[in-house]
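Trainee: Now for the letters of each chain:
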Amino acid sequence: MINEDDIRKIAALAMLEIEQDDIGKFTQQFGEILDYMKEIDNLDLSDQEAAFHITKMSNVFREDKTEKSLDNETALLNAPEGMEGAFKVPRVI
Amino acid sequence: MLYKETLHKLIELTDKKEVTPKEIYDSLLKRIKQKDGKINAYVSVFEEFAPNDKTGILRNIPITIKDNMHIKGKKTTCSSKILENYTAVFDATVIEKLKSEGGVFIGKTNLDEFAMGSSTETSYFGTTHNPWDLTKIPGGSSGGSAAAVASGEAICALGSDTGGSIRQPAALCGVVGLKPTYGRVSRYGLVAFASSLDQIGPITKDVEDAAILMNIISGKDPKDSTSADVAVDDFTKYLNTDISGMKIGVYDKVLQDCSSDVAKSMEESVDIFKRLGCELESVDLPNSKYAVSDYYIIAPAEASSNLERYDGVKYGFRADNYENLKDMYIKTRSQGFGTEVKRRIMLGTYVLSSGYYDAYYLKAQKLRGLIKQDFDKAFERFDVIIAPTTPTEAFGIGEKANNPLQMYLSDIFTIPASLAAIPAISIPNGISKNSLPLGLQIMANVFREDNIFKCASAFEKEFNIIKNLPLD
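Protein chains in written order, with the numbering used here: chain A, 1 to 93; chain B, 1001 to 1472.
Hints in this document: simulated from the structure, not taken from any laboratory. Heads up, some of the hints might be wrong.
[As the list claims (entries may be wrong)] Simulated DEER-style distance windows between Cβ atoms: (1) A:68 to B:1012: 37 to 45 Å; (2) A:68 to B:1468: 36 to 44 Å; (3) A:70 to B:1023: 55 to 63 Å; (4) A:53 to B:1434: 39 to 47 Å; (5) A:6 to B:1023: 30 to 38 Å; (6) A:56 to B:1240: 54 to 62 Å; (7) B:1087 to A:53: 28 to 36 Å; (8) A:85 to B:1073: 33 to 41 Å; (9) A:5 to B:1271: 39 to 47 Å; (10) A:31 to B:1048: 47 to 55 Å; (11) A:6 to B:1324: 56 to 64 Å; (12) A:53 to B:1240: 32 to 40 Å; (13) B:1012 to A:42: 28 to 36 Å.
For clarity, every value in this text was computed on a predicted model and none was experimentally measured. In this text, a Cβ means the ideal position worked out from N, Cα and C, and glycines have one as well.
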């Protein structure tokens, strides 16, 4: 059964935090969902191929030529913070 | 009263010069002002009529769009705090196509945050209410679009469907909703949730309107490599045809899990198809009973990857008071996403994580193949398969909000078609004892929307509830 520490670890992997007040309920609900999914454990799928591409399409190519894309100014329109034509992030070094 | 009409009727009236597009727009705006305070179908309404000089089938009649598709210059919020102030910088392909046919837009509708939900209760902008009974959910995630069409706040709308998000709200609001074959409609400019499942489709008052919109939005798009290079048919030619001799598989095994109202409506639907001369036989899809488990592994896995992009750097909300870059990411995402979105990202992270990948994700992909094979086999014998769209009528607001598993199970009949990538429509097939609408789902093989339109159109002639819609 999944516990609160597991939930904290998964949250960290996903760059998320669950509030301390909510973690008990969240863990219980998460556990119930995973319990329900146990129904697939009994299926014998050893001979079955994984259907990673359900429509069986492959290799969709286009001609390798440059096309117009978003210009710098437009790309920055929705940025929380920009500077000199670039996205601004907190200092990393 | 123009807001009450169907798209095809308004096209006809416009051509006869009996009404102008501006009159239709104004009628809708008035209706929205009158109703949306209680229904909350819209996230944004465009107050100004902006005429489109393109001549085309849509003749400037306004279309309503789910707020997870981009209209250049308008907000796309996905009903999330993290995109509350995001303004689209390009048109989705479906929007471009509607514009090129003379379409104009009146507003963007509410959804479960990032389309993750079955009730529109997870929206950052509040719950949408079912226009048939304001204490009930409208379904989800395209609950805003379905409620708007059912209440006359929209002539017709586009929704998106990942596990039932067009069909389930259409059923619960008493309107028509079609999820096309995966690949039929380009998703370029639809904000991604689960990319192997997402499809855009119409939500309309009747089947003819669905066919008109499908004619416009279908087709190969170089900007979406999963869009299929399949010729676009004129779907309206399959309306009003004789369907005698058509072979229909009835997925009746699921009726034991349905309310008595839903089971009764299904029996009556079977009788209607018999009367129309169809050959009906029971069909089993043995692996579809595992569809909810399968879907809630695959869709969150894809969502956890797709939603990595919300990091407070490129667009959207950024939290304050962070210590460093990583802290900024975590605070932004934790404050920007609601609980259900976090849950799905974390479910996806878990099933893809080292040690669990084989047990969950790989197994789910294999199971998806089996579910698809069941359908392949069935379509060797049948032209279409019918089933209820939902196990029950619309449930109460708040009833399942604290029980995510029960919420997930409400999609049990719509998920199989999503996993199998096949087209499926929901059309009204009854009204429950509590005076709430119920839906019939018609599924066909990949790219056989023709069979869906034939069946749905013939059925609608025998039974429809368009006069019962809450349009007064």
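Trainee: Evaluate each hint against the coordinates.
Mentor: Hints, one by one, checked against the model:
For the pair residue 68 (chain A) and residue 1012 (chain B), the beta carbons lie near 39 Å from each other, so the given range of 37 to 45 Å is met. In this structure the hint that residue 68 (chain A) and residue 1468 (chain B) lie 36 to 44 Å apart at CB is violated, the actual value being about 50 Å. In this structure the hint that residue 70 (chain A) and residue 1023 (chain B) lie 55 to 63 Å apart at CB is violated, the actual value being about 38 Å. A beta carbon spacing of about 43 Å between residue 53 (chain A) and residue 1434 (chain B) agrees with the range 39 to 47 Å that was offered as a hint.
The hinted range of 30 to 38 Å is not satisfied by residue 6 (chain A) and residue 1023 (chain B), whose Cβ atoms lie roughly 60 Å apart. At about 34 Å, the beta-carbon gap between residue 56 (chain A) and residue 1240 (chain B) misses the expected band of 54 to 62 Å. At roughly 34 Å, the beta-carbon separation of residue 1087 (chain B) and residue 53 (chain A) lies within the given 28 to 36 Å, and the hint holds. Restraint check, residue 85 (chain A) to residue 1073 (chain B): a C-beta distance of roughly 22 Å breaks the suggested window 33 to 41 Å.
Take residue 5 (chain A) and residue 1271 (chain B): their Cβ atoms lie about 57 Å apart, and the range 39 to 47 Å is violated. Distance hint check for residue 31 (chain A) and residue 1048 (chain B): the Cβ-Cβ separation is about 51 Å, which falls inside the suggested range of 47 to 55 Å. In this structure, residue 6 (chain A) and residue 1324 (chain B) break the distance hint of 56 to 64 Å, their C-beta atoms being roughly 26 Å apart. Checked against the given bound of 32 to 40 Å, the beta carbons of residue 53 (chain A) and residue 1240 (chain B), roughly 37 Å apart, stay inside it.
Judged by the Cβ atoms, the range 28 to 36 Å given for residue 1012 (chain B) and residue 42 (chain A) is violated: they are separated by roughly 57 Å.
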